[in-house]
Amino acid sequence: MEQLISTKADIHPDAKIGENVTIEAFAKIDKDVIIGDGTWIGANATIYPGARIGQECKVYPGAVISAEPQDLKFKGEYTNVEIGDRTTVREYVTINRGTSAKGVTRVGNDTLLMAYTHLGHDVEVGNHCVVSNSVQLAGEVVLEDWVVVGGMSAIHQFCRIGEHSMVSGMSGVLSDVAPFTKVFGLPVAYMGVNLVGLRRRGFNREQIDNIHEIYRAIYQQGRNVSQAIEYVQAYLDPSPEMGQIINFIKGSKRGIVKSAIGQTATVDS
Numbered sequence: 022m023e024q025l026i027s028t029k030a031d032i033h034p035d036a037k038i039g040e041n042v043t044i045e046a047f048a049k050i051d052k053d054v055i056i057g058d059g060t061w062i063g064a065n066a067t068i069y070p071g072a073r074i075g076q077e078c079k080v081y082p083g084a085v086i087s088a089e090p091q092d093l094k095f096k097g098e099y100t101n102v103e104i105g106d107r108t109t110v111r112e113y114v115t116i117n118r119g120t121s122a123k124g125v126t127r128v129g130n131d132t133l134l135m136a137y138t139h140l141g142h143d144v145e146v147g148n149h150c151v152v153s154n155s156v157q158l159a160g161e162v163v164l165e166d167w168v169v170v171g172g173m174s175a176i177h178q179f180c181r182i183g184e185h186s187m188v189s190g191m192s193g194v195l196s197d198v199a200p201f202t203k204v205f206g207l208p209v210a211y212m213g214v215n216l217v218g219l220r221r222r223g224f225n226r227e228q229i230d231n232i233h234e235i236y237r238a239i240y241q242q243g244r245n246v247s248q249a250i251e252y253v254q255a256y257l258d259p260s261p262e263m264g265q266i267i268n269f270i271k272g273s274k275r276g277i278v279k280s281a282i283g284q285t286a287t288v289d290s
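Note that the sequence shown covers residues 22 to 290 in our numbering.
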């Protein structure tokens with residue numbers, strides 16, 4: 022297929038450009054860059070060495086991908102940014118490459134990064150995520166699949182946001198956000214199950230009711246998290262969602278967010 026590349030684009034001869042790629046005027050594509058088939062690169066986008074961009078992506082004007090990390094420990098080691106297929110990177114998004122911590126900053130498939138979003142070094146963003154305008158993700162943050170983050174929110178370094186969860190706009194996340202939940206505030210607090218998101222993604226009534234029961238035990242019945250996990254495993258019907266929630270909480274290093282009326286919830290509290 023034909024490549025639709027402007028003669029005014031600055032493309033290093035060592036860059037690997039797939040078929041049917043469009044690169045508009047004044048975009049800069051550096052050495053050691055791979056761009057997959059059918060991807061569109063807008064005017065004035067800048068893609069630095071180490072970027073690996075999948076197929077049928079869109080990179081809008083002013084975006085900067087694979088710039089050196091803003092980490093004082095970075096010593097120039099070779100690292101990458103990897104972006105999956107059909108992902109959209111809107112205007113002035115910045116995605117820093119990894120450090121020796123993980124070696125790569127990674128964005129999955131079918132994800133939307135809205136304008137002015139920043140992804141710090143070694144961030145991992147899953148598939149089907151929506152990261153709204155001006156969201157700031159610090160280094161080594163992890164967003165699992167199907168996460169929505171509202172505009173102008175900030176997520177602290179090392180935090181993990183569980184699958185199918187929602188962070189409301191203008192929030193500050195200092196702890197891990199458990200799967201299937203919605204949180205809001207500065208710092209965020211648990212505000213319930215992400216009911217609308219779960220319905221949109223095909224969860225049935227029984228699944229949603231089970232998730233509600235698990236989080237009632239964790240947040241609303243006066244137990245600490247260790248006690249809540251014991252109760253859930255002993256008295257509630259097992260399900261894939263239960264296993265996912267328990268494994269997430271047990272693996273949390275920062276503790277899960279507190280409820281609106283409780284204390285920060287950690288597995289050892």
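If you're looking for bench data, these hints aren't it; they were derived computationally from the structure.
Fair warning: this is a prediction, and the values are worked out from it, not measured in the lab.
Misleading hints may appear alongside valid ones.
To be verified - The calculated lysine-lysine pairs, modelled on DSSO-like cross-linking and capped at a C-alpha distance of 27 Å, are:
#1 Lys-49 - Lys-29
#2 Lys-52 - Lys-96
#3 Lys-271 - Lys-123
#4 Lys-52 - Lys-29
#5 Lys-94 - Lys-123
#6 Lys-94 - Lys-29
#7 Lys-96 - Lys-29
Claimed, not checked - What follows is a list of derived Cβ distance ranges for each label pair:
#8 Gly-124 - His-177: 19 to 25 Å
#9 Gln-242 - Glu-89: 44 to 50 Å
#10 Gly-193 - Ser-27: 38 to 44 Å
#11 His-177 - Gly-223: 28 to 34 Å
#12 Leu-207 - Lys-123: 24 to 30 Å
#13 Tyr-252 - Arg-221: 27 to 33 Å
#14 Ser-260 - Ala-136: 34 to 40 Å
#15 Leu-257 - Gly-223: 35 to 41 Å
#16 Phe-47 - Ala-281: 45 to 51 Å
#17 Gly-193 - Gly-213: 16 to 22 Å
#18 Ser-27 - Asp-230: 50 to 56 Å
Glycine included, each C-beta is placed from N, C-alpha and C at the ideal position.
Subject >> In rising order, the numbers of the hints this structure does not comply with >> reply: Violated hints (numbers, rising): 6, 7, 15; every other hint is consistent with the structure.
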